[in-house]
Each structure stands twice: as structure tokens, then as C-alpha cells.
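Could you slot chain S onto chain E? The hints should help.
Sequence lines, in order, name chains E and S.
Sequential numbering of the first sequence, starting at 20, is according to the numbering used here.
Sequential numbering of the second sequence, starting at 20, is according to the numbering used here.
Derived from the structure by calculation, the hints contain no laboratory data.
Incorrect hints may appear among the rest.
As the list claims (entries may be wrong) - List of simulated lysine-lysine pairs, DSS-like, C-alpha gap at most 27 Å:
(1) E/K164 <-> E/K197
(2) S/K134 <-> S/K61
(3) E/K164 <-> S/K23
(4) S/K134 <-> E/K164
(5) S/K40 <-> S/K55
(6) E/K23 <-> E/K189
(7) S/K23 <-> S/K40
(8) S/K62 <-> S/K164
(9) S/K24 <-> E/K164
(10) E/K61 <-> S/K134
(11) E/K62 <-> S/K134
(12) E/K189 <-> E/K134
(13) E/K24 <-> S/K134
(14) S/K190 <-> E/K134
(15) S/K99 <-> S/K24
(16) S/K79 <-> E/K134
(17) S/K56 <-> S/K99
(18) S/K164 <-> S/K189
(19) E/K24 <-> S/K164
(20) E/K134 <-> S/K164
(21) E/K134 <-> S/K40
(22) S/K134 <-> E/K79
(23) S/K198 <-> E/K134
(24) S/K62 <-> E/K134
(25) S/K79 <-> E/K79
(26) S/K40 <-> S/K56
(27) S/K23 <-> S/K189
(28) E/K99 <-> E/K134
(29) S/K134 <-> E/K40
(30) E/K134 <-> S/K55
(31) S/K61 <-> S/K164
(32) E/K99 <-> E/K56
(33) S/K40 <-> S/K79
(34) E/K164 <-> E/K23
(35) S/K164 <-> E/K23
(36) E/K61 <-> E/K40
(37) S/K164 <-> E/K164
(38) S/K24 <-> E/K24
Number of protein chains: 2
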Amino acid sequence: MSRKKRIAVDMDEVIADVRPKFLDLYEREFGWRPEKKDYWGKKIYQVNGALQIREFLHEKGFFADLPVMPGSREVLSELKEDYEIYITTAAMEFRASLEDKYDWMHRHFPFIHWKQIVFCGDKSIIHADYMIDDHPHNLHSFIGKGLLYTASHNIEEEAFTRVNDWAEIKKFFQEELKKGA
Amino acid sequence: MSRKKRIAVDMDEVIADVRPKFLDLYEREFGWRPEKKDYWGKKIYQVNGALQIREFLHEKGFFADLPVMPGSREVLSELKEDYEIYITTAAMEFRASLEDKYDWMHRHFPFIHWKQIVFCGDKSIIHADYMIDDHPHNLHSFIGKGLLYTASHNIEEEAFTRVNDWAEIKKFFQEELKKGA
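Chain E on its own, in the form it takes in the complex (with noise of 0.2 Å):
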């Protein structure tokens, strides 16, 4: 038996659903709420140029209580059986994030071992087969197969397979393992 082909899994906007929070943040701020037609190709913090916003992402708790995004737990405790899993997140850049994206692991994919989870930077570092990410730049420097998962800030990238839920990553994984790869 050859060994797993292994699967990078970003965590912000794949597995840890950032959008509800990212939309209460702006309703507090300045008193409404985006909707899908006002954020849709961009960042919620691009929506009438509200850039403080993304100032949230360095206070501590800011990815403490994200909700899981539908589906992932699910499909990455199946995925597990065939496939190695890595979470690959870019959180380096916000130090109060470390033990918050920590802890989150921790409690929300408890058969994720310590071992499979990287805290970094630049993604380019990531040895792997497939990398699931929202983020165009990190698939352009990955050395595998890279998988876009639709966030409203890349619904116009048209370079990588693009996946919109995790029904959609179940199911290309499955048709990998039928072609043997």
C-alpha cells in the first residue's frame, strides 16, 4: 500500500466560517448590515472602504467562537480514513490569535492531532498533494493541486478548481480515489 496523499486544509473562510462575525462587526460600527449583494467580490472590510474592521482580527478572542463551516468536521473525519490532514493557517500574522486558533482545533476537530496543525506564514512552506484555501496567492505558490474555496473576495479567480462547500470537497476527493490518484 502506497502511503496517503496528503490534504492541506486552511482554517479562516474553509473550516472556521469568518463571514457572521466579520457582518456583526460592521453592523456595530456603523449601524447596518452588508448583504450578500454588497460584499459579493470583495472582503467584508472593502464593503464602502470600512478597513478598520480588519484591525479586529489582533484582538484576542476574535477567532475564539467562530462557528465550524457547515459540513467540514464531517467530511475531514471521513477524508481522514484515506488521506493525510494537515490545517495550514496564516496566522502568524496576528499573535492573538495563536492560542484562540489553538484552543478552537482543539475543541472543534479533536481527531486533528497536534502534529497535523502548522501555524505560518507564507504557504509556499507547505509540503503536499492537494491545498483547499480561499486565497488565490496561496494556491499560486503551492507545489500540489490547489482547490479554491469560494469566499466573496474570489468568486472572479478562475485558475484553480473551485469547490463551494464541503458536499462539493467530499465528492471531488471521492472521485480522486476512484481515478487512483
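What follows is chain S alone, placed relative to chain E:
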């Protein structure tokens, strides 16, 4: 000009000197300070079976004030001209180490950008051309050229190019550059 080759550099026992702190803790706990003849060939917490000493790795502050390994700052600062430097440390075993290691890096190696710092577990996830590490198991799973940094616990390992200090690392990479590697 081709892209710079990339060097992944471990923290503990490579750029951060853990030995003095372990010896201090050993002396505090057991009333005597092991000498080189006592710990050479093993970990300090293996001297007369003192595994509880290892538990201090889980305490806040353990990694905060470690001395910088002599020469590491100067040599990395020079190597940065010709190589991409990534600091890759298996921090994920120790939740309490995350902020301490982050702060230590920014204090002592301000020329290493956060994008080039990686907190991981299993280092087979690291994609680089060279790896400098004191643990043979990290080098065994590494895809590039491994350099074993001498530490008391690895003196019998013969599978890798050994470096005893940062002067030897500097010399190794000067030779690599001459060879055009």
C-alpha cells in the same frame, strides 16, 4: 537569476539554547547540576530518569528568555542575502509556548518576517531545500538536504551531515554557493 534556495531552521537547540534552563531546573529539583559527562548522549531530563523536568516545557515563560545560540543571529542575517530563511519549530505540542516563541522571534530575529515563521508538529509538512535540526526524525522525513545540529541527545547519529556550531553552518553554505548548489 534563479530563485533563492530555502533553508528551514529549527528553534530549540539550534537558534535558542535550551540547555542552561534545563540544567537550572534540574539543579533546582534535584540539588545538583549535571555536567557534560552526565548528559552527553542523552537529554538532560534523562539523567537518572528525571522525566518530570520535561513537563516544564508546558509552562508559560519557559521559552520566553532562552539565550540566542551563539552566532545564529549573525550567520542567519548573512545567509538571508543568498537564501530564503524559514524558522520551523514543532511548537504545537506546547500551547503555552506559542506566544513566548512568537515574541522571542520578534525580539531576537527582527529581520525574519512573520511570513517566514512556522509553528508545526510533524515536519514532513515542510517544503524547503535544506533543514537544520537537532532531531534526526525531522530530517528523516525531510525531502531536501538535512543538516544535524549537534545536541547532547544526537551525538551517535551518523545519517546526516553534522554541524557543531553556527560557524560550521556558515562554512557549509559558503561551499554550497561556490558549488552553485
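Evaluated hints:
no. : hint              : result
1   : E/K164 <-> E/K197 : 17 Å, holds
2   : S/K134 <-> S/K61  : 34 Å, violated
3   : E/K164 <-> S/K23  : 23 Å, holds
4   : S/K134 <-> E/K164 : 22 Å, holds
5   : S/K40 <-> S/K55   : 14 Å, holds
6   : E/K23 <-> E/K189  : 16 Å, holds
7   : S/K23 <-> S/K40   : 36 Å, violated
8   : S/K62 <-> S/K164  : 25 Å, holds
9   : S/K24 <-> E/K164  : 22 Å, holds
10  : E/K61 <-> S/K134  : 23 Å, holds
11  : E/K62 <-> S/K134  : 21 Å, holds
12  : E/K189 <-> E/K134 : 23 Å, holds
13  : E/K24 <-> S/K134  : 26 Å, holds
14  : S/K190 <-> E/K134 : 33 Å, violated
15  : S/K99 <-> S/K24   : 10 Å, holds
16  : S/K79 <-> E/K134  : 20 Å, holds
17  : S/K56 <-> S/K99   : 36 Å, violated
18  : S/K164 <-> S/K189 : 15 Å, holds
19  : E/K24 <-> S/K164  : 22 Å, holds
20  : E/K134 <-> S/K164 : 22 Å, holds
21  : E/K134 <-> S/K40  : 25 Å, holds
22  : S/K134 <-> E/K79  : 20 Å, holds
23  : S/K198 <-> E/K134 : 36 Å, violated
24  : S/K62 <-> E/K134  : 21 Å, holds
25  : S/K79 <-> E/K79   : 17 Å, holds
26  : S/K40 <-> S/K56   : 18 Å, holds
27  : S/K23 <-> S/K189  : 16 Å, holds
28  : E/K99 <-> E/K134  : 14 Å, holds
29  : S/K134 <-> E/K40  : 25 Å, holds
30  : E/K134 <-> S/K55  : 31 Å, violated
31  : S/K61 <-> S/K164  : 25 Å, holds
32  : E/K99 <-> E/K56   : 36 Å, violated
33  : S/K40 <-> S/K79   : 14 Å, holds
34  : E/K164 <-> E/K23  : 15 Å, holds
35  : S/K164 <-> E/K23  : 23 Å, holds
36  : E/K61 <-> E/K40   : 16 Å, holds
37  : S/K164 <-> E/K164 : 24 Å, holds
38  : S/K24 <-> E/K24   : 25 Å, holds
Hint check: violations occur at hints 2, 7, 14, 17, 23, 30 and 32; the rest are consistent with the structure.
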